[in-house]
Amino acid sequence: MTSAQIEIQLIASVVAVACAIPGTFLVLRKMALISDAISHSILPGLVIGFFITHDLSSPLLIILAALSGLVTVILVEFIQKTGLVKEDTAIGLVFPALFSIGIILIAKNANDVHLDVDAVLLGELAFAPFDRLLVDGIDFGPKSLWIIGSILTITVVLLMAFFKELKVSTFDAGLATALGFSPAVLHYGLMSVASVTTVGAFDAVGAILVVALMIAPAATAYLLTNDLKKMLFLSIGFGVLSAISGYWLAHWLDASISGSMTTVLGVLFLLVYLFAPNRGLLSVLYRNKQQRLEVSLLTFLLHLNNHSEVEERHINHLNEHINWQKVRSKSVVDLALKNNMITIDDSIISLTEKGTSFTNKAIDYIITNDDTGIESMKEDFFLFRG
Amino acid sequence: MELQEYFRLVFTDYTLRTITLGTAILGAICGMLGSFAVLRKQSLLGDAISHAALPGIAIAFLITGTKETNVLLLGALISGLIGAFWIRGITRNTHLKSDTALGLILSLFFGFGMLLLTFIQKQPNANQSGLDKFLFGQAATLLARDVWFMAIVTGVCLIILILFWKEFKLLLFDADYTKTLGFNTKFIDILITSFIVLAIVLGLQTVGVVLMSAMLLAPAAAARQWTNSLSVMVILAAIFGALAGVVGTGISASQDNLSTGPVIVLVAAVFVVVSFIFSPSRGLLFRQIRFIQNRKDLQLHKTLAFMYDIAKTHEDKSHPHAIKILNNFHGFTRKSLQKLESKNYIELDGQMWSMTQNGYHFAANLYNQQLSTNND
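Note that the protein sequences, when read in sequence, are chains X and R. 204 is the number of the first residue of the first sequence in my numbering; add one for each residue after it. 1065 is the number of the first residue of the second sequence in my numbering; add one for each residue after it.
By construction, these hints were calculated from the structure, which means they are not laboratory data. Where a beta carbon is used, it is the ideal one built from N, C-alpha and C, also for glycine. A few of these clues could be false.
If you want a taste of the chain R side facing chain X, the calculated C-beta under 8 Å gives, among others [said to hold, decoys possible]:
id, residue
1, Pro1326
2, Val1329
3, Leu1349
4, Leu1430
Construct the complete structure from the given sequences, taking the supplied hints into account.
See below:
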């Protein structure tokens, strides 16, 4: 590995961490799309800043861009407060308009602006190490690493200082207000951090990857845990993992680094979406199937409990009377047999003692909805786990 | 090129006519379907899907190697549909909310698409230039064939819309009721989502991935302000969309260095702002005017109520009183007294005022809504 390669991976990882922290809170507060809006609407701020300074990495540029991100947030909230349209429509109206203004500004001044819309949207991480920070001729490393590093430091300090407040206001805004934390200050604080992070990161990785780095790791982590701290660490982990493996994927394919980082994030999300232990698609589908089977089992047991006559309890009667298909009746009967709920005696099904008491308990539960009696049943069945 | 010259050229110049027609049709279909997206609270679905279409374009190019627009758009359609249904899947099967699902699909698909595009660019045999046009759109590349295609799709869309109008409307406003009536809500839902995706894909070539969502949203959001009826809203949105397309094309053609997509979006944004401010029933301006009006009425009633309190202590209700005694009381001015007089509630005589029979009756029932509405 050359030092440039190490630097690229370092920058990408720092960007990933800096994005994951505000991203987690955005996802939890159902404001994920604000990051998309900000990432697009910083364009006019950037262009105007560039007209003034003619330097792509001047601090004024970053401040102006972050300001236009905040303007987006304020505009969205203003439109939303008028009650004329819903919040999502407000977002969808504001940022394309601001982005269009940015594009037109660039196009009208194409001759003296060396600002490429593609570069803003996509970034070029591969060139980041060549823009060095030189003080008195001494090389202090890549400029973007310093910029995003200081943003990350500020974010971490703010996170440590206001963790409790953020946590309370994210999960219970009413309680937070009652406790005396101003929701507006926290909201705009978070928005400012998101805005500054977006601006700081766009230079290195481009606007779209910022959105991906904010939302995807947090969403992936949210599928795995309910604990805020764990979620933060997991999303940071996913971000860094995608940064490093994304770099090598891009290296191997000779393609855009930010594109391949996003792709890795996508693959990670897909895997977790499918296979997450409790919230994954497969386990959700499995649980649904299991619950359906157990409801059938309960119906079946109740039926047996209600009928003492032999012909109602004949095994072939299942298909006729309860109108289940063969496969389903077979799996229900198998499940009941496995749990020693029933005995089959010459094709006549009868409840065992265990089955009778189970059925009675279930009836009690259904009638009273009092769940102390069914604690022991929870072991065997999904249904009663609520 | 001057604007007048442009309007003359629209009818004579082939390219300009094609582009203008194309953007007008696009605006109309986007406005039509956008109304449904806005009312279904899926405004940002358009943004997500237009980004999600990008990998489809790249894969279609990788597989076929052609730059045939229709083939690329077919790829875009497929990957847009995958994106749209994955969003549904995420919100339905996990506890992630729709904003997260939209943001995820948007950024992940777009990033993957960029990966593919840069991968294609580095291929030795690539004649890939032209794929970029889908990012920001180039209305100038519209051919008469594309416009015909758009017109046909719009026609089909219109027929479906008319055929399923009742179902769409029901689903829009009361999904549960629709279900209990026995309609296949899933099918209707999929049908409308597919058409929204189709409209988005059609627009990619003209306004591009990034700005497509505004094409879908802005005309509908503007139309929403003028009416409460769905059919009127859909028609209005189509007209707004078409107008934005025509005017935007006109402005961008009459100036140098102005790409069509952003100009159309800005024109549509102007429509939205105008509608927000000037719409008679919902607009901010008239709302403010009504607000001030109500406040004035309230002040007037307050003065009247104060006068009533004084007048009712006298035998003769129209006993004159000095205006001076109103002085320590807020909410009365010379003007408001004149207004009360013009309404025939009081009579002014020099420095004195007296209540009329009419005014006394009105003031007595001021806070009795039923009576006062009867009297109106």
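Restraint satisfaction for Val1329 of chain R [CB to CB of chain X, less than 8 Å]: holds, 4 Å
Leu1349 of chain R as chain X interface residue, shortest Cβ-Cβ below 8 Å: Given a least distance of 12 Å, the restraint on Leu1349 of chain R is violated.
Per-residue hint verdict: Leu1430 of chain R, partner chain X, C-beta under 8 Å: violated, 30 Å
Let me know if the C-beta of Pro1326 of chain R comes in closer than 8 Å to any C-beta of chain X, holds or violated. With a minimum Cβ separation of about 4 Å from chain X (threshold 8 Å), the hint on Pro1326 of chain R holds.
Going down the numbered hints, you'll see the structure goes against 3 and 4, while the others check out.
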